[in-house]
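Here the sequence shown stands for residues 1 to 201, where the numbers follow the working numbering.
Since the hints were derived computationally from the structure, they do not count as laboratory data.
Please note that a few of the clues may not be correct.
Here are the simulated distance ranges between beta carbons [unchecked claim]: (1) R36 <-> P119: 34 to 40 angstroms; (2) M161 <-> E103: 25 to 31 angstroms; (3) A140 <-> G88: 42 to 48 angstroms; (4) P119 <-> D195: 28 to 34 angstroms.
In silico DSSO-like pairs for lysine-lysine, Cα to Cα no more than 27 angstroms straight-line [said to hold, decoys possible]: (5) K15 <-> K192; (6) K45 <-> K192; (7) K15 <-> K104.
By construction, the Cβ of each residue, glycine as well, lies at the ideal position given by its N, Cα and C atoms.
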Amino acid sequence: MRLILVRHGETEWNKEFRLQGTSDVHLSALGRRQARQLAAWLPDKPDRIFASPLLRAREFAAPLVERYGLPVEISQDLREMSFGRWEGLRYADMEPADRELFEKWCLDPVHTPPPDGEPAAALAERVARFLERISEELAAEEVAVAVTHGGIIRTAVTLAMQMPPAAAGRMQIYTASVTILDYYASAWHLVKLNDTCHLTK
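Working from the sequences, and respecting the hints, build out all of it.
Take a look at the structure:
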């Protein structure tokens with residue numbers, strides 16, 4: 001079975017370098033174009049389409065739903081982590097104490113949760129639950145697409161590849177990128193990471 005993890009396209013907050021987390025933000029004009037490009041390019045016909053409940057992920061999934069005529073299955077496990085009181089802020093907007101904490105979080109997200117945000121362990125628990133669901137519900141030849149967020153994809157790769165949790169903080173996942181995991185022989189295998197070859201200017 002194959003799981004195609006897609007990060008949503010650009011939002012206005014992405015352009016402004018604001019932390020989004022669980023805030024509901026629309027795609028930008030570029031993000032909507034990226035969604036159409038992804039849907040036109042996708043080489044594997046999906047059997048199921050999943051999406052985060054957040055607006056930017058659902059908007060990005062819409063062209064896939066239109067192309068393949070499949071319903072979108074909303075999974076709470078695919079929502080982005082909460083950044084707590086950092087949501088909506090740019091680094092430049094933060095108070096000095098929060099800047100220092102944010103820098104620590106970037107280096108060690110496992111042991112430095114955002115203030116009032118979601119701890120890394122809770123994030124990993126729900127991502128692991130989604131991966132287990134896919135491995136149990138899909139047949140060997142089936143393909144699922146999951147439109148989600150950077151934090152979810154980084155965590156999924158570290159779990160699937162049995163990497164140290166801190167490795168997620170050192171992994172770049174671009175907007176509208178594709179990461180592919182195959183499941184066979186009772187294990188996940190990384191096929192593609194952070195691929196944006198389908199995007200054009």
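Verification of the supplied hints:
no.	hint	verdict
1	R36 <-> P119: 34 to 40 angstroms	36 angstroms, holds
2	M161 <-> E103: 25 to 31 angstroms	26 angstroms, holds
3	A140 <-> G88: 42 to 48 angstroms	43 angstroms, holds
4	P119 <-> D195: 28 to 34 angstroms	30 angstroms, holds
5	K15 <-> K192	25 angstroms, holds
6	K45 <-> K192	17 angstroms, holds
7	K15 <-> K104	23 angstroms, holds
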